[in-house]
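2 protein chains.
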Amino acid sequence: MERTFVAGVDIGGQTTKIGIVDARGNVLDQTTIRSDTYKDVNQYINELADAVKKVARQTNTLEKLRGVGVGAPNGNYYTGTIDNAVNITWAGNSVIPFTKLLSEKLNIPVALTNDANAAAVGEMTYGAAKGMKNFIMITLGTGVGSGIVINGEVLYGHDGFAGELGHTTAVRYNGRKCNCGKSGCLETYTSAIGMARTAREWLETGSEPSLLRQIDGEISSRDIYEAALKGDALALRIFDYTGRKLGESFADFVAFSAPEAIILFGGLARSGDLILKPVRESMNENLLPIWKNKVKILFSMLRESDAAILGASALAWEL
Amino acid sequence: MERTFVAGVDIGGQTTKIGIVDARGNVLDQTTIRSDTYKDVNQYINELADAVKKVARQTNTLEKLRGVGVGAPNGNYYTGTIDNAVNITWAGNSVIPFTKLLSEKLNIPVALTNDANAAAVGEMTYGAAKGMKNFIMITLGTGVGSGIVINGEVLYGHDGFAGELGHTTAVRYNGRKCNCGKSGCLETYTSAIGMARTAREWLETGSEPSLLRQIDGEISSRDIYEAALKGDALALRIFDYTGRKLGESFADFVAFSAPEAIILFGGLARSGDLILKPVRESMNENLLPIWKNKVKILFSMLRESDAAILGASALAWEL
Numbered sequence: 014m015e016r017t018f019v020a021g022v023d024i025g026g027q028t029t030k031i032g033i034v035d036a037r038g039n040v041l042d043q044t045t046i047r048s049d050t051y052k053d054v055n056q057y058i059n060e061l062a063d064a065v066k067k068v069a070r071q072t073n074t075l076e077k078l079r080g081v082g083v084g085a086p087n088g089n090y091y092t093g094t095i096d097n098a099v100n101i102t103w104a105g106n107s108v109i110p111f112t113k114l115l116s117e118k119l120n121i122p123v124a125l126t127n128d129a130n131a132a133a134v135g136e137m138t139y140g141a142a143k144g145m146k147n148f149i150m151i152t153l154g155t156g157v158g159s160g161i162v163i164n165g166e167v168l169y170g171h172d173g174f175a176g177e178l179g180h181t182t183a184v185r186y187n188g189r190k191c192n193c194g195k196s197g198c199l200e201t202y203t204s205a206i207g208m209a210r211t212a213r214e215w216l217e218t219g220s221e222p223s224l225l226r227q228i229d230g231e232i233s234s235r236d237i238y239e240a241a242l243k244g245d246a247l248a249l250r251i252f253d254y255t256g257r258k259l260g261e262s263f264a265d266f267v268a269f270s271a272p273e274a275i276i277l278f279g280g281l282a283r284s285g286d287l288i289l290k291p292v293r294e295s296m297n298e299n300l301l302p303i304w305k306n307k308v309k310i311l312f313s314m315l316r317e318s319d320a321a322i323l324g325a326s327a328l329a330w331e332l
Numbered sequence: 014m015e016r017t018f019v020a021g022v023d024i025g026g027q028t029t030k031i032g033i034v035d036a037r038g039n040v041l042d043q044t045t046i047r048s049d050t051y052k053d054v055n056q057y058i059n060e061l062a063d064a065v066k067k068v069a070r071q072t073n074t075l076e077k078l079r080g081v082g083v084g085a086p087n088g089n090y091y092t093g094t095i096d097n098a099v100n101i102t103w104a105g106n107s108v109i110p111f112t113k114l115l116s117e118k119l120n121i122p123v124a125l126t127n128d129a130n131a132a133a134v135g136e137m138t139y140g141a142a143k144g145m146k147n148f149i150m151i152t153l154g155t156g157v158g159s160g161i162v163i164n165g166e167v168l169y170g171h172d173g174f175a176g177e178l179g180h181t182t183a184v185r186y187n188g189r190k191c192n193c194g195k196s197g198c199l200e201t202y203t204s205a206i207g208m209a210r211t212a213r214e215w216l217e218t219g220s221e222p223s224l225l226r227q228i229d230g231e232i233s234s235r236d237i238y239e240a241a242l243k244g245d246a247l248a249l250r251i252f253d254y255t256g257r258k259l260g261e262s263f264a265d266f267v268a269f270s271a272p273e274a275i276i277l278f279g280g281l282a283r284s285g286d287l288i289l290k291p292v293r294e295s296m297n298e299n300l301l302p303i304w305k306n307k308v309k310i311l312f313s314m315l316r317e318s319d320a321a322i323l324g325a326s327a328l329a330w331e332l
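Chains as they are written, first to last, in the working numbering: chain A, 14 to 332; chain B, 14 to 332.
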């Protein structure tokens, strides 16, 4: 039987999304399981394999599945392992032979990479990077991730961990402390959490009026976005600051790999010109003359609800 | 006749080196012409073609030449052109169809790249990177160049200009003005000229005694090296500062491409532990835990006198 479908699995800290995808990038059906109710990886793998089979049966594709593509935090493409994924309850400080375990359960091949690389593959296969051979995907969520594509292939590097651009240094001295142990990482300024941190710092050290002062509890990046839409000056400055930090770093990324485009993915990428304008301006200010106004900044074109599954599934076509 | 020899051409601002190389990386013979006595590129090409033929005849390889590999400032591998090489008298602010011109004169294929990429190819073919698939070559000379190798191939990027790591930002705010028009470029701190600039600044703003104060005229990086060897505290601090700037930037490069090694080439790379120690320390301080103490810093193993020719010639084997 011709194997013309793949499964895409996106593992997040709380939930895991599973979908069946055809060669055109249509998600036929999808389902969700919890990621965080298992202490033991084997229990999780059993549950995951059952969910893949269930949704494949529902779509009449069980016998036509070519393979499974998985995106997971700290997923290593070379080794098929999930290494020290401290935010996953069944992973923690260990090395999980993930593709081996899942592939033994399902009797089809499994490919694994980290979530940002999966998004890059998805974008290249179905989205804004279709036809591009050299681009960088920046995922702006709770953290900042990246997937780098060189000559049409994801850059994995010597050890499979290439593309940690969220942990390049945006502020060299007295930079913000990052969860990774370093200081000044791009992520601490430009993730959703980083933006909220900027808001908190500025509200504490300044006294200008702002809609953000009326928020009870923790300020979220969504609050900042909504305030900015209403013209709140402080919220607008937070977007400008965040965008400039990204743009400055992007100029260095361009000097590295000379991409055709940098593609923004995730929550912050939905804020349109609020983020795009300062990113573009500061990137171009910091580029060598040969690249000024030549490198595109684009938003992901993957449908948000399917993006993670599509990205992961695209990996499985190479199996 | 079997074509088992190649010519390597290294074009510098003042001189051009030409050599004939066998498959094992032996330079059979070499010669030199001036680069800077021609206003017109055709005159220069005539002279260069004659020099290649002459040294090929001397080594009895004229009929056995497979091709010519050329390393030149702003040489573009994709287009075979030298673009806006302002330090070359016959190039200047124009686009020179270099491979076309030389290949028409010699009737053999010609490949072109910039000098740092040529050095990377040379190192991979004959030097410290033999057998490596992922490494970064950093050339420390008058400027700072780089050649990035990914999966065994030089990274050229979308437009052929990838790998301008000397122009990534080492100091974000109030950085030194660079010739490229930007500020804070790594090159302004860690090239030979950058080191001399550090010396000048520190001597002017401080008053501590130093052997460097006794030097008539411009201080060179060689002067700093010699003073450091004699234990001069200021000179030692300049090496430490320069090395730390390099190491901090290297950590960001590792986060990008996860190389097996970073290889230092050029004048400063001959200063041994004086530079190696601060580079290694500051790189490791700034790396994510997964990479700490895992990425090698090596010195080029190409014989200095042949390096440029070997690097360029290695390109020609792909023709």
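Incorrect hints may have been included.
Identical copies go unnamed one by one, so any copy, or any two together, can satisfy a pair.
List time: in silico BS3-like cross-link candidates among lysine-lysine, alpha-carbon distance up to 25 Å [stated by the list, open to error]:
1. Lys307 <-> Lys66
2. Lys190 <-> Lys305
3. Lys67 <-> Lys290
4. Lys190 <-> Lys307
5. Lys146 <-> Lys77
Hint data in this document are derived by calculation from the structure and do not stem from the laboratory.
Hint check results:
1. For the homomeric pair Lys307 and Lys66, neither the shortest alpha-carbon distance inside one copy (46 Å) nor that between copies (41 Å) is at most 25 Å.
2. Within a single copy, Lys190 and Lys305 get their C-alpha atoms only as close as 32 Å, which misses the 25 Å cut-off; across copies the closest is 18 Å, which meets it.
3. For the homomeric pair Lys67 and Lys290, neither the shortest alpha-carbon distance inside one copy (45 Å) nor that between copies (57 Å) is at most 25 Å.
4. When the C-alpha separation of Lys190 and Lys307 is checked against a cutoff of 25 Å, the pair qualifies only between copies, where the shortest distance is 23 Å, while the shortest distance within a copy is 34 Å.
5. In this assembly of identical chains, Lys146 and Lys77 lie within 25 Å of each other by CA distance neither inside one copy nor across copies; the values are 30 Å within and 36 Å between.
Consistency note: the structure conflicts with the earlier hints numbered 1, 3 and 5.
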